[in-house]
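Student: Hey, can you work out the whole structure from these sequences and the hints?
First to last, the protein sequences are chains Z, F, E and B.
Using the working numbering, read the first sequence as starting at 1369 and increasing by one per residue.
Using the working numbering, read the second sequence as starting at 1369 and increasing by one per residue.
Using the working numbering, read the third sequence as starting at 1369 and increasing by one per residue.
Using the working numbering, read the fourth sequence as starting at 1369 and increasing by one per residue.
It should be emphasised that the hints constitute simulated quantities derived from the structure, not laboratory data.
Note that CB positions come from ideal geometry on N, CA and C, so glycine has one too.
The reader is advised that the hints may include incorrect statements.
Straight-line Cα separation of at most 20 angstroms, EDC-like style, residue types lysine to aspartate or glutamate; simulated pairs [said to hold, decoys possible]:
id, chain 1, residue 1, chain 2, residue 2
1, Z, Lys1425, B, Glu1638
2, B, Lys1428, Z, Glu1568
3, F, Lys1428, E, Glu1508
4, F, Lys1410, F, Glu1441
5, B, Lys1425, Z, Glu1638
6, B, Lys1481, F, Glu1441
7, E, Lys1425, F, Asp1610
8, Z, Lys1425, B, Glu1479
Which residues of chain Z face chain E? A partial, calculated answer using Cβ under 10 angstroms [claimed, not checked]:
id, residue
9, Val1374
10, Asp1377
11, Gln1411
12, Val1413
13, Val1436
14, Ser1440
15, Phe1474
16, Leu1487
17, Ser1488
18, Lys1579
This is what each chain is made of:
Number of protein chains: 4
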Amino acid sequence: MIEQLVLPDVQQSEDIRGIELWKVGVKNFEIPMQLTQKNGEKQSVHAIATMSVGLSKNRKGVHMSRFVLQLSEWSRSRTFELDLRPFLQEARDRLDAQSAHVELDFRYFIEKKAPVTGLSAPMAFGCKFDASLLRNGNEEDYRFILSVAVPIGNLCPCSKEISDYGAHNQRAFIRAQALLDTSSNAPIVWIEDLIAALEEAASCPVYPFLKRPDEKHVTETQYENPKFVEDVIRDATLVMRDFAGIKGFSLEVEAFESIHDHNAWAAHRENFHETS
Amino acid sequence: MIEQLVLPDVQQSEDIRGIELWKVGVKNFEIPMQLTQKNGEKQSVHAIATMSVGLSKNRKGVHMSRFVLQLSEWSRSRTFELDLRPFLQEARDRLDAQSAHVELDFRYFIEKKAPVTGLSAPMAFGCKFDASLLRNGNEEDYRFILSVAVPIGNLCPCSKEISDYGAHNQRAFIRAQALLDTSSNAPIVWIEDLIAALEEAASCPVYPFLKRPDEKHVTETQYENPKFVEDVIRDATLVMRDFAGIKGFSLEVEAFESIHDHNAWAAHRENFHETS
Amino acid sequence: MIEQLVLPDVQQSEDIRGIELWKVGVKNFEIPMQLTQKNGEKQSVHAIATMSVGLSKNRKGVHMSRFVLQLSEWSRSRTFELDLRPFLQEARDRLDAQSAHVELDFRYFIEKKAPVTGLSAPMAFGCKFDASLLRNGNEEDYRFILSVAVPIGNLCPCSKEISDYGAHNQRAFIRAQALLDTSSNAPIVWIEDLIAALEEAASCPVYPFLKRPDEKHVTETQYENPKFVEDVIRDATLVMRDFAGIKGFSLEVEAFESIHDHNAWAAHRENFHETS
Amino acid sequence: MIEQLVLPDVQQSEDIRGIELWKVGVKNFEIPMQLTQKNGEKQSVHAIATMSVGLSKNRKGVHMSRFVLQLSEWSRSRTFELDLRPFLQEARDRLDAQSAHVELDFRYFIEKKAPVTGLSAPMAFGCKFDASLLRNGNEEDYRFILSVAVPIGNLCPCSKEISDYGAHNQRAFIRAQALLDTSSNAPIVWIEDLIAALEEAASCPVYPFLKRPDEKHVTETQYENPKFVEDVIRDATLVMRDFAGIKGFSLEVEAFESIHDHNAWAAHRENFHETS
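Tutor: Given below as C-alpha cells:
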C-alpha cells in the first residue's frame, strides 16, 4: 500500500512490555449484512460489528482500517452464514494474527401469523453471532455462539391461584445463547426454528398483529398456562437440551412484572463457557 | 482569575457571524443534589445536569468551567428547591448572560407501603427539574417544569370483555410534565403528591414489596378496574387539570403490552409549550 | 371484519369524560422500510415507528391493530418518501380520525469516501421522519420534520491557543431537525445533501475508512480549523438558513470532550416549533 | 407469616422437571446504599440490584419478596462493604438455598482536583459489586468482583507521528473487573485507589473542573504521552498485575475516535473467569 512507502508505520514497531493481547479491534462499526433466511430468501439486516484479533507480544498495534475494509467488502459482496470460519480466517490473514473474533448484533425480521385469523405482520427479534477462531499449535479452535432474544407473555401461577379472578401477566424475554456444534455434518440451527421452539416455553407467545378473536385466544391461552420465570426457564432448558445442533447454552428469562417496577429474573447454563 | 493575566481568553473574543445563541453550556454533568422531601427530611439524589446560558451575538464563546463551578458549589452547600430562580440568577451573573437554563434529571426514592400488609420498601421514580430564566426588557420570564415518570399496571378492557377468563395486563408508565405556577403565593407541588395523584389513574399502582395478600389485592384491583391507555391518560388529565399549583401539562402513557412486543401509547397536552 | 359480528367492540363505546386526545396509537413498532436514495436506488432501512391519531372526545378508544396493519402493508409494498401525506390520509381514513401523526426512526447508510485515498465504506447516520396531518375546518395542516444526527470531529480553539503543542479534539454530534417546506413546488431535501452540508460546519468530518494519508489529512485539517461547539452551531445555523426547502430548524451540538467526562453543548432554533 | 395460613404457597410446591437452576431472583431493583469511602466517610449511592439464589430441582419457585425485604432492610440499616459474605449468607438462610448471588451497579462520586490550579469538583465513576457464595460439600466458595469504568483521554501515536502538527485524541474508557483476594488477611482494594492507578495508563486523565492553566497542562500532557488502546490496555495490565488484593482481572479499553464514528477497542484478561 502506497502510504507505507512515505509514512512511518507506528503499529508495526516493536513493543517491549511482553504482553500478548487477547483482542484488539473495532467496536460499534455498522454495516448492512446479507443473511439467508430458512426459506432460502435473503434478508438485509443492520449489523453492529465488534471485530478483533489477538496481538502478539512484540507488536505495538494492529491496523484498524483492515477490519473496516473486510467488513465493508463482505457487506457488499458476501452473505454472512452461520459458518463464519472463512470470515475469521481472512481476518487472521489480513492482520497476520493467530486468532480472530467477530460479534455481529442485529435485529432480524420474521413474518408472524396471528393464531386465529392467520393475519401476518413482520416482527423483529434481537439476534447475535459471536464467533472465534484460534490456532492451538496444529489445532484450530473454532466456536460459534448464536444468541436470540424472544419476547413472550407470562402469567403468574401464584397470582392466579390466590386471586378470586384475573392473574397478573406481563411481557417477558427469553434470552438464549446457543453454543453450536460446528462439526462438518452438524445440522443447521435456523434462527426461525430456535425462536419458535423457545416460544413454546412461554405462557403464550406475543404477536405483532392481533384482531379481537386473536386477542381472545392469547388472553385465554395465557390464563390456561400460568408460568413463573422459573417455569419458563426450565421449559426453555428442555428445549435447548433437545435442539439438534446445539452443544451447550446459556439462558436468561426476565419478566417486566405488572405489579412491580422491578423484574423477576432467572438464569441457567449447561455445557457453556464465555467466548474464548 | 490568575490565568487571565497569562493566557489568552479566546472565548471573550468577538464573533462576526451575528448569531445570538439560545443555549450554550454543559451536558451530562453529574452531581449529588440535596432535595427537601415533603416530610421535611433531606434526600441526596444523583443528578445529571444540563446547564446553559444564552450567548450574545458578538461573543465567541462561554466559559464552560463556570457551570461546573456553580453546580459543584451548590452540590456541596445548597439544597435544590422547586424554586430555582436564585440558581439561574447566579448563573446569569457568573456568565454575564441574559438568560439561563438548567435541567436536572434524577431518580427519587419514596417509601411505599404494600396495600394490605402495609409493609414498606423504597421505590425509585424518574424525575426532572427543567427551569429557565429570561430577561425580556424589564420583565423576567421564569418557567419551571416538573417531570415525573410513574410506573403503573393497566388491564385491557377489550381483553377482559371478549375473553371467557383472564385479561391481559402489563406494566405501563405515566410520564407527566407539569408547568408550575411560579407566582409568589402559589402552592408547592410536592413530587410525592403528584405521583400519588397520578397513580389514581392506573388500573392499579405497582409496589416494590408485596406479600401474597397484597398480590391478591393488586391482581383483583387491576381486574376490577380495566383501562386502555386512553382511559389512563384521560383520568390523568383530570388529575392534572385539578392539581393546585399546575398551570399546564404534557402527558404520555405507554403500556408494554403483554400480547405484543410493541407498546400502546397516548399523548396529550393542555396549556403547555416546550421550555423557552 | 368478522370478529365484529361475534365479539363486542369496546373501543367503539362512548366516553363521557369529554376529553379529546391529541395522540393515541402504537410506539416502538419495527418494520423494514424502503427509501429512495438521492441516486435513485432504493435502500431498505430498519425503522422504529410511532404512529397515532387524534381521538374524538366521545369515543373510548382506537383500534390499535389498524396501525400495525397499515405499517405492515406499506412496509411490504410501498416506498416511504419525504412526502408522507398519502400515508397520513390513509391513517385518518382507516381510524376515522381528524388528525394523524407518524414518527419513523432509522439508521441510514451513506457510502463515504476517504478524503485522500478515496477508498470508501458505508457509514450509518441516525435519521427521523416526523409528520403530522391535521384538519382545521376546511384547511389541512401538514407538517414534516426531517432529523439527522451527524457525527463530526471538533478541535478546541482555546486549547490550541494556550498550549505550546497539540490541542484537545473529540467526537461531536450535530443534531438537526429541519421543518420542511411542503408546498407542491418545494425542492426535495435529500438526506445525503443535508448531512454533507452540515459536515462543513465541523473542524473536520469523520469517516468510516481511513488509511494513513487520510488520517494525516484529517488530523491536520482539524488542527487548522479549531471550533468551539458555539462555532459549530453558528456555522450550522448559516447552513440551515440557506438550505433550499427548509423553512425552520432546531440544532443541537454536543462534544464528548476528551478532557472531561461531561459534554460541551449548544442548542439553537429558528422558525421552529415542536410537532403539532 | 400470616398469609401462609390462608393462601396457598405455589412456590413451595414440587417441581418434576428435575432441573436445578443456577440463579433465580429479582433484577433492576433500586435502593439507596451506604458505602464507606477510603477516607472513612459514608457515601450514599443509588444502586441497581440483581439478587438471586440457586433453586433446588424439586422446588417450583422462590419467594421473590424476600429479596426485596433483605435489600430494603440493608438499605436502611447497614453499610455495604467490599465483603458481602454476611449479606449472601443471610440471603441463603432467608431463601433456604445452597447458593446466593448479588450484583450492585452504582455511580460513585470522587472529589477530583484539577492538575494545576488544584480546584476540585465531584466526578462520578461507574462501579459494580458482583459477589457469589456457593456451598460445595463442606467448602464455601466465595467470589467478589469489583468493576470500575474509568473515563480517560488518549492521543493517537500514529496520528502524531504522521502529521505535521496536531494529533487526534478522544475520550476513552478503561473498564476493569477485578477478582479480589477474599482471604481474611487480604488488603482492601479501595475504589479510589483502583481508579487512580488505572488513570496512570491514560495519555492523560480527564477532570470535571479545569481552568485554562489546567487545560493547557492536560492538552500538552496528552500530546507528550501518545497511546493506542493497545498501549493503554498493556499499561493497565501492568497496573492490575501489581495491585495488592487483586487475584485476576478482565480489562476493556474503548476509544471514541474523533476521526471515526466507530470505536477502537481492546480486551484482555488474566486469571479471570466469569462469576460462578
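Student: Of the hints stated earlier, which fail here?
Tutor: Violated: hints 3 and 8.
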